[in-house]
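> Protein chains in written order, with this note's numbering: chain A, 19 to 661; chain B, 19 to 661.
To be clear, the hints were calculated from the coordinates, so they are not data collected in a lab. Any given hint might turn out to be false.
Chain copies aren't distinguished; within one or between two, either way the pair holds.
Claimed, not checked - Only pairs whose alpha carbons sit at most 25 Å apart, straight line, appear in this in silico BS3-like list of lysine-lysine:
| # | residue 1 | residue 2 |
| --- | --- | --- |
| 1 | Lys-145 | Lys-179 |
| 2 | Lys-83 | Lys-551 |
| 3 | Lys-226 | Lys-20 |
| 4 | Lys-551 | Lys-629 |
| 5 | Lys-629 | Lys-508 |
| 6 | Lys-262 | Lys-413 |
| 7 | Lys-179 | Lys-279 |
2 protein chains.
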Amino acid sequence: MKVSREVPVAAYHAGEGLLPVYQKLVREVVIPYQYQVLDDKMEGVEKSHALENLRLAARKNRGEKVADEFYGMVFQDSDVAKWLEAAAYALGQAPNPELEEKVESLIDLLEEVQQEDGYLNSYFTVKEPGRQWTNLQEAHELYCAGHLMEAACAYYQATGKDRLLKVMEKNADCIYRQFLEKNPRGYSGHPEVELALLRLYRATGKEKYKDLCAHFLDVRGQKPNYFVEEKATRGWNLWSSSSKTVDTDYTQSTLPVREQKDAVGHAVRAVYLYTAMADMAGESGDQGLKDACHALWESVTHRQMYVTGGIGSTVLGEAFTVDYDLPNATVYAETCASIGLIFFARQMLQLETKGEYADVIERALYNTVLGGMQLDGKRFFYVNPLEVVPGISGKAVTQEHDLPQRPPWYACACCPPNVARLLSSIGSYAYGEGDNTLFIHLYLGGEVTSALGYRLSCETEYPRLGSARFTFHGEKETTLAFHVPAWSEKTVLTVNGETWDLSSCARDGYAYVSRVFQEGDVIEIVFDMTPYKVYASSRVPADTGCAAVQRGPVVYCAEGVDNGGDVLSLSLSENGVVREGAYDPQLLGGIVPLEAEGWRTCSSQELYSRKRPQREPEMIHMVPYYTWGNRGENQMRVWLPET
Amino acid sequence: MKVSREVPVAAYHAGEGLLPVYQKLVREVVIPYQYQVLDDKMEGVEKSHALENLRLAARKNRGEKVADEFYGMVFQDSDVAKWLEAAAYALGQAPNPELEEKVESLIDLLEEVQQEDGYLNSYFTVKEPGRQWTNLQEAHELYCAGHLMEAACAYYQATGKDRLLKVMEKNADCIYRQFLEKNPRGYSGHPEVELALLRLYRATGKEKYKDLCAHFLDVRGQKPNYFVEEKATRGWNLWSSSSKTVDTDYTQSTLPVREQKDAVGHAVRAVYLYTAMADMAGESGDQGLKDACHALWESVTHRQMYVTGGIGSTVLGEAFTVDYDLPNATVYAETCASIGLIFFARQMLQLETKGEYADVIERALYNTVLGGMQLDGKRFFYVNPLEVVPGISGKAVTQEHDLPQRPPWYACACCPPNVARLLSSIGSYAYGEGDNTLFIHLYLGGEVTSALGYRLSCETEYPRLGSARFTFHGEKETTLAFHVPAWSEKTVLTVNGETWDLSSCARDGYAYVSRVFQEGDVIEIVFDMTPYKVYASSRVPADTGCAAVQRGPVVYCAEGVDNGGDVLSLSLSENGVVREGAYDPQLLGGIVPLEAEGWRTCSSQELYSRKRPQREPEMIHMVPYYTWGNRGENQMRVWLPET
């Protein structure tokens, strides 16, 4: 069962530091910007049509003749849902009547789109009425429903308003009838509804939603394969028309979930599924699920994860490939996949408090997820390469997906609103509450209110600075458990100025401070922010002979703009020092640049030469990976040869 | 115009050395083996059906009802053609009544397959009668015809028998009528007939075949694009049915040939086309063609060629990608493409005598082409990777084409008979005759007879040893021009024991020895065979921080079997020595292994670690790349990190 649960999003009030700044950016820029895009009001941006699809569906439900057509991906509704969820969190943080009005009118619209029986999906209403639930493999109905359930829970929890929650309960009841009564072998090609049903169960207290989630998990991957049979009989396809076979790995449906040991297939689907599995294991105590989650966690994070927390090595199916296959240039590493990895890690943390899970949250968050968004909040990466060479990246047929610059929007726009909802709910990832224990997983400036009544404020400029100063407000005999990231070689923890011995109070990546806390008690924790090099296992062919550079949880990269345009000729000096540059509040939103002793290889103009290339000492200038590509198209590398 | 022309295949009689051994292997093992495969008599091997297709076509021509069906690729006839060509060369080297009988009965069969008007193609006769010439983009009719023309020329030149030549003249006349009279805008999606027509022109002296070639070159890539129009109107497809667009780069038809500057598209098609362009430039003196050939040569060999002489960086279209994109694991580097590169280089050498062209012939030949065949002559690589990691290679979806072991045959079996015909005709690549000058491009043991009447014998164990001793037979005032490979840092040339000063007699990679040669004159040339490291330009992202090892023209690799199973943890020592091991006649057909001073990195078990991996000095054992994969599945690398 769960050893901790996340705090409500609203329990955290943001203060200073990098993520609070991002949360503010999301609230003030990203959410309004994305609404404009979803409403097709943003000039020069890929058309979304997501709101228009809903309006068309509503008009059709009213019996109007609709001439215009559904436009966009079959899961276009989910963009709206994720935006709604982000907006809900934002409303929980600061009143915003204009935003609230937009949300309310969107809920009006969703009420109009919902059909009598609770069914709610603009694609099927507008474009394929009569084909509901007949293409679970491709059609994302349950996926969209899941995202709307999440939005409903978020809005209810942020505002106490339950209108959308009622809509989605009615929808969940419709799904319950469809899948527990009418078609008990079916489940979603894209997992999401499973984790959403558990949220809905917790928001409403209704066991049937948990049962439905358990059912979806249990039937997945049973033989004969549902999707194979469905495809053979359904007679219509969305996009796999030319292929007669079904890649069951792609949908994680080759095996029953408890038998899955290797992460395979579409990376986002995978981690969304694993999130629900871990959550359910925590709710039910199911040891089989828990064991599978452990195996899958290791498969993902011990053998198939990039140093940036990216997952999914290939564009072919946006998928995992095989262990240790982590190419840096042809990588996929979708932003959404790293977000899903954070979901999975949070659930694993709730099953057992191990710093490893929080370490992965930091790795994915401070690198791939933040890197997925331009610093101005208006452009986004879907794919997050670790090496970019203009002329090859985005150009070679094998790298058409690896763009050297963030576009303003995508036809398939799953990532941008996913970043928005994650960052605006970051408090619920930062803190966990267990049995009279508050876990501090992430270091964010601001204040959290415990369910036990006390408050804990935190002053920190993390990860720019490695120190965090917590002040206790209230009085309580309790335990505070502070995540000690594995990268911190030396951590100092003081309570009211007195240093605690971590060797006795820390275990599994957490420092436990148990005492009768008094108002004004101060806990300070200081991490070792010395920049360091990282080495990949030599089982990873792509990284042999190379090193990456980190400072705290932040992975750095070398960009052309800081290095005379040419990053490919740089190598790190094997015994060279990596130094912090001066914090520059004007540079890339405020960063600590790094300087690494290295070399510039002056290779021959010839393609191949037997002359050993001359090299000269050169200081390599590095910036956080999450800031790359903000200064125009240029070369970028995370892994540099070390010589 | 041409400064030299190849010697006839039969002018060279093989002696000692690596390539002569391969030529013998082809004659004694490969040709009989491949006949068995083509005749579906080889157990446990992918079915060819190539001969059976011809038999079916012959029966259909006789008016028999044929129940069985065409089987295999649309260009299955070309496998037979390439085999015939190889067999012709073999018959020119040694009498073999059994083989000759097979060839003669195949010619009987081809006569029966040929239709009244000269048309000859089993696919269209058996499967698509009535659709001849309607799908030039895909259907390979002209490609198959070209290969049969080459076979006809080879057989005629080897044996003086002109029965097949007559068949193919009749076929060429049919093509002439079709494309100069009926459909003058059409040309082949897969170039080959162009270079074959020039061969046919030289074998028969008939200008019309040269004219037809010139026509095919001239119409290629003209606007509007023929293939785009053909696809829009023809109403049937062979394999691109799902795609509505035509990738004109794939067939090198985006631009007229004289405007092509960058090598694009399917690599084999590209170099076959460039071969014909260079050949035609030499025949006609067309400066526009010559300029295009220079630009394309540089595009291919200065910016898109692997150190092994492989070309074609991606499986997607078996194609070139963009400059400097040379990934080692996901590479395509089809054996046929390197063979075509040798064709192209030979034509460039005939346009101008520059060592660079012969260097590329050596690079492609001694590495990718020889590596394309198992040492026993019975298994073949289509794709020639520079890095193999069992568990990833052949397994990851991005590397399904990069097999760690040679299969015995392929459904698409273009490469095996292509290797056979190249190796059995190697003499015509080794020597060129210009204006009273014999060019020695490649060093092969044996004897060549000049058109001028004298003979030049060569004793050499090249490339195992770097010396070659030539003896002149006859009397002639003439010039012998010896290729001085760019890799030889120090070359000594002696004439009758007297050392010649290369700085005065060598230019552009050739040492010119002009004198009145007497019977028994001896010229010795000794190259520097010291093993050396090679560095790629730092513009090649895949090879930064790495070095490869060569000895003479032979690229070496590290295989697991010689290195404790683990090649990924090896790195070359930056200042380390590379030494020759003792020649081992039993090892891999007789090789000089190399030992390179390097390191074994003992990396952490963790995927990423901030601990600098310990490393220990280790002697890295290397074998010629062309021998890799002959001792079971194991890791293999050409480029190793250098630290």
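> Taking the hints in turn, state whether each one holds.
Results for each hint:
Taking the shortest alpha-carbon separations for Lys-145 and Lys-179, neither the intra-copy value of 31 Å nor the inter-copy value of 69 Å comes in at or below 25 Å. In this assembly of identical chains, Lys-83 and Lys-551 lie within 25 Å of each other by CA distance neither inside one copy nor across copies; the values are 63 Å within and 74 Å between. For the identical chains of this complex, Lys-226 and Lys-20 are intra-copy neighbours only, at 20 Å inside a copy versus 85 Å across copies, given an alpha-carbon limit of 25 Å. Only between protomers do Lys-551 and Lys-629 lie at most 25 Å apart by alpha-carbon distance; the minimum there is 8 Å, versus 29 Å within a single protomer.
For a Cα distance limit of 25 Å, the shortest separation of Lys-629 from Lys-508 across copies, 14 Å, qualifies, whereas the shortest one inside one copy, 44 Å, does not. For the identical chains of this complex, Lys-262 and Lys-413 are inter-copy neighbours only, at 21 Å across copies versus 31 Å inside a copy, given an alpha-carbon limit of 25 Å. In the homo-oligomer, the alpha carbons of Lys-179 and Lys-279 never lie at most 25 Å apart, since the shortest distance is 41 Å inside one protomer and 66 Å across protomers.
Hint check: violations occur at hints 1, 2, 7; the rest are consistent with the structure.
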